[in-house]
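**Student:** The lines below spell out each chain.
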Amino acid sequence: MMLLGFRTGLALGLASGVGVLAFTWPLLTGRGSLLEHNASAPIVLGLVLLGVLSVVLIALGEGGIDAKAIAMLGLLAAVGAVLRPLSAGSAGIELVFLFIVLGGRVFGAGFGFALGSITLFVSALLTGGLGPWLPFQMLAASWIGMGAGLLPRGMRGRLEITVLAGYGAVCGFLYGQAMNLSFWPFTLGPGTALSFHAGAPLAENLHRFVIFSITTSLGWDLARACVLAVGIVILGRHTLDALRRTARLAAFSPAESDVGHRDQQSLPRQ
Amino acid sequence: MLGFVAQSGTVHPMAWWGWAVGVAIATTRSPGVISTGLLIAALVLVVAIFHGDSPFARAFPAYLGLAAAIVTIRVVFYILVGIKGGTGFEVSLPTIPLPDWAGGIELLGPVSGSGLMASFSSGLALAALLLCFGAAIALTDPQRTLRGLPASLHLLGTATVIAMTLAPQLVESWQRVRRAQKLRGQRLRRGRSVSATTSPVLQDALERSLKIAASMDSRGYARLRSDASGGSGAVLALMITALIGAALGTYALMDGTTPKWLSVSLLVGGATAAVLGSVIASRRIHSTSYRPDPWGTREALIIVSGMAIATLAFFSADIASPGTAGWSAVFLLCAVLATTPIPVVMAR
Amino acid sequence: MTQDGIIRFDRVGFRYSDSVRQVLHDVTLAIPEGELCLVIGPTGSGKSTLLQLVNGLAPHFTGGELTGTITVAGRDTSTHPPRDLADLVGVVGQDPAAGFVTGRVDDELAYGMEQLGLPDRVMRTRVEEVIDLLGLDALRSRPLSELSAGEQQRVAIASVLTSHPRILVLDEPTSALDPTGAEEVLAAILRLVHDLGITVLVAEQRLERVIQYADSMVLVGVDGTARFGLPTEILQGSPLAPPIVELSRLAGWDPTPRSIRDARRLAGPMRDRLTERLSQQSEDPAAHVRGAVALATKGLRVRYGAVHALAGVDLALHEGEVTAVMGRNGSGKSSLLWALQGSGVRTGGTVLIYDTSGGSPTQAGAVRAPRQLGVDPQSLPPEQAIRRIALVPQSPSDLLYLDSVGAECQAADRAVGAVSGIAAELLDRLAPGLSESRHPRDLSEGQRLALVLAVQLAGQPHVLLLDEPTRGLDYDAKRRLGEVLSELADVGTAVLLSSHDVEFVAHTADRVLVLARGELLTDGPVRDVLTASPSFAPQVARILRPLPVLTVDAVREALAVQS
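Protein chains in written order, with the numbering used here: chain V, 34 to 303; chain B, 8 to 355; chain E, 1039 to 1601.
It is possible that some hints are incorrect.
As the list claims (entries may be wrong) - The calculated label-pair distances, taken between Cβ atoms and stated as ranges, are:
#: 1; chain 1: B; residue 1: 232; chain 2: E; residue 2: 1345; range: 19 to 29 angstroms
#: 2; chain 1: B; residue 1: 186; chain 2: E; residue 2: 1233; range: 40 to 50 angstroms
#: 3; chain 1: V; residue 1: 185; chain 2: B; residue 2: 66; range: 17 to 27 angstroms
#: 4; chain 1: V; residue 1: 189; chain 2: E; residue 2: 1466; range: 29 to 39 angstroms
#: 5; chain 1: V; residue 1: 189; chain 2: B; residue 2: 179; range: 26 to 36 angstroms
#: 6; chain 1: V; residue 1: 186; chain 2: B; residue 2: 296; range: 50 to 60 angstroms
#: 7; chain 1: E; residue 1: 1166; chain 2: V; residue 2: 186; range: 29 to 39 angstroms
Everything labelled a hint here was simulated from the structure, so no lab data went into it. What you are looking at is a predicted structure, and each value in this text was computed from that prediction instead of being measured. Note that CB positions come from ideal geometry on N, CA and C, so glycine has one too.
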């Protein structure tokens, strides 16, 4: 379905590297760099990330273009977009990740990456609102999808759901921390005791960040982790079965997807 | 909102985005409240006159609300944990020192007028930035803008169009299934009833996505040109080059010691490789566009005004020093330039 | 049939990848250019697969193993995936709305051409052409979600016509449409065949509509074989036959007439015989005793916002009677059924269900009065309501959420507190031979309907409502459904169903209601209503007009009285 050859894998790796730099910029930025003016840093980095994501999406779309994969991406992105207003009531955005995790698990790492970006993009268009944080959100969601596809393939049943729920909880928590980190100077500005100082030692900045994070979003992040884990436990089994069934029915190429055993029963078709 | 006859939908979306980005860059260089306020006023005026009918246009008031929230958050944080001490009037709030493990931060404390003004000003700049995005979305219909994406990004473009078509159907399907499930006369526990409702909705949606895919395939989705073989390798190589450029460029940008010209040129080099690869990839796919949005003098004027605003703002500090509360003649000029779309579009 | 044909199958066999059954086996046929070819076959035969083979969706999209060769205008489908045949073959699937890729009518019309890489000027010209051809001018910039079913079908056909294909493949184009909508679509298709010379391949269950227009037919059997030939040849031995063909077999007409007009010309002698026989029979008005009232509604109103779906309907359903509601799409049939069941919107009026179980024997010739106070179904909690009144909705699969047939039956038993196994028993009567471990989504339309019926009947309600149950069913499944409904009526259940299918209503219903714009226009015995109006008359009634016979069985009975 979404061929992860050597070159596309390399592209994903490089893109992830840029992403790590972009997310941790407050901790790594040295004095005298262009990004010291903290109002413009997320914009510049956001533009870079947007370019990086476009490049990866072009690369993924280059080999083996398959209408089924695109339709499946569109569908799962629509599901995520529809769920986003619901999750705003609880802790924000975790229900969107639910289907990204499950879709990445069934269809593989490359599909999961594309699914993450597209879901956040669509949900921003439909329900969430566009803003300079979007490229960061897209990349974070793509990592979540890619990671779900990289989990060990052979698990089934209760073990699979447990591992996925744990993975979901960890992702939900880390997502909040990562978004905080990249937008920390954006939110606070330079004039507060909790703001970052460019060029300061890593430990000092980190300390300030941790306090900022604990006071503002720890509760939200923990809630998000819980809701995501519970969601996977409730809906995971049915959804994984339905996705695998569809993959079997329509001859998605079995090498990439995670379809499992062939059915012995005959499916009546007309 | 006024919403005039001059439908902004007939203006090429890239022109509006260029204009919005220009104003956005200007807001990051704004010296103070008045300048930012002028830019915001220009933005709101243009949106009020030219917004289209789409649901995105109707969401603009939500952006205004979000902008107000950002300003409030900044001011509140300043009052709570800001570094105090400044000029102007003072409001003495009690100081609450936190224990040492919390970093020796002091909460509240004497709040000064200049400090409040500074936090309000930076908050307003951020709000203005956000409103630029909101304005661009209200003025262009994102669904039609997506059709203008290059063919190389068909993965994103097609999947998004399909998602926007399926999303309302999903909601309607969920309502229908919920109604039908009640017919069975069962009382299910909360968790069971949620999965009982989502299962048919999901199955239906999956079957639908296969039908869409079959329809797309039958109508020739993503046919490659006959002379397209071998381009795939070149595209991938260019993409990897672009990513390497981006990685090195970003690192160089963040590190204070590398010369600025190096980091910028690395980034620009990466961007060029990306654009080149995209063009080659688009050429490989054999598809055209129905009623493409035209690019004319109108669009050129709008995007030039955006660029002019950005350039002026960038060098504003060199041209004239800002006055009190951020007043700047340069920014007044920028705000006026930001309203150029009004006469340009109305003239046709 | 000549060897030259635009579509040629040469000893074609096909099997899906995860099943051992050969869906098609040794099929050879050659469809000439410019013909309307009708593909028929029972559910479970390879009709849809045959259609998918023509444009390459099978095996490239669906997976599976293809033996033999299929040539479409010289191109071999095994080496040409669907996108390479897109300029040659246009396909409209069973659910046209599900195949829409964009949001607006004109974007959808242009989509196919965009994918083929045509220049903008050509695209604009062709969009105008196709709008004229199919009468879509008023719909041009409307969003696709706002169109009616008939309009969606026409837009779907138009959107594949813009690429100027030589072959058009349609899978059950009229199944979701009311008779007027179906006529419009058929007229459009005929125009394409006769004026533009496009080869059209149509699969249909409701043969009675299309049979007169077909130039050739393909009959696909459950064993995978397919016969191709002229309609008269194929219909002679075919197990599937519309009423006109059955009547012709009964009367011994040769050649078999295909249109009502041809049949009327031959039907003179039969009409005379029947007039004699029918005048000799006398109708005993007192013989037909109506059961007690099981459900009564007065002044029922349903309003969604500004739309009045039902404006003051009074009706009563009697025990042991099968009532059919007919009317155009949008006339309020679904709203009526949901409002009666209690879960739908009800803006005004009363609905009362009467429990008449355990009563004293009836007296002939009188309509019994209700014996106790009625209950409003809206006031009942769901688990009690299911024991009195059950509704089978338009898409029955909405109700199913478990992953095996057996699990669904058990859940149904538990919900009503019945003895375990009742639902499974019912299912066995409705659809014999259905294995318990099958996934509900893998079942055919008829089997799914049977499952949902069994689930809803587990509580043995005495009112049963069905919303368009005949959609997608073949003749066999419809016959079985009709038998089941008659059995239920004999036991005392009051059945109300809504349907477009005039033949089914003629066979099964005792009474007919006609709704239009939310008002009840007619309420009378089936024979009177269906023979009174030409648009509602079944084929037999139209052929033998003015005689009041509705079905071939009725003709057979009348003719057999003497002997």
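**Student:** Now tell me, hint by hint, if it's right for this structure.
**Tutor:** Going through the hints against the structure:
1. For the pair residue 232/B and residue 1345/E, the beta carbons lie near 50 angstroms from each other, so the given range of 19 to 29 angstroms is not met.
2. At roughly 45 angstroms, the beta-carbon separation of residue 186/B and residue 1233/E lies within the given 40 to 50 angstroms, and the hint holds.
3. The hinted window of 17 to 27 angstroms between residue 185/V and residue 66/B is violated, with their beta carbons roughly 43 angstroms apart.
4. Look at residue 189/V against residue 1466/E: about 33 angstroms separates their beta carbons, and that is inside 29 to 39 angstroms.
5. The hint said 26 to 36 angstroms for the Cβ distance between residue 189/V and residue 179/B, and at roughly 34 angstroms that hint holds.
6. In this structure, residue 186/V and residue 296/B break the distance hint of 50 to 60 angstroms, their C-beta atoms being roughly 41 angstroms apart.
7. Taken as a hint, the range 29 to 39 angstroms is violated for the pair residue 1166/E and residue 186/V, whose Cβ atoms sit roughly 53 angstroms apart.
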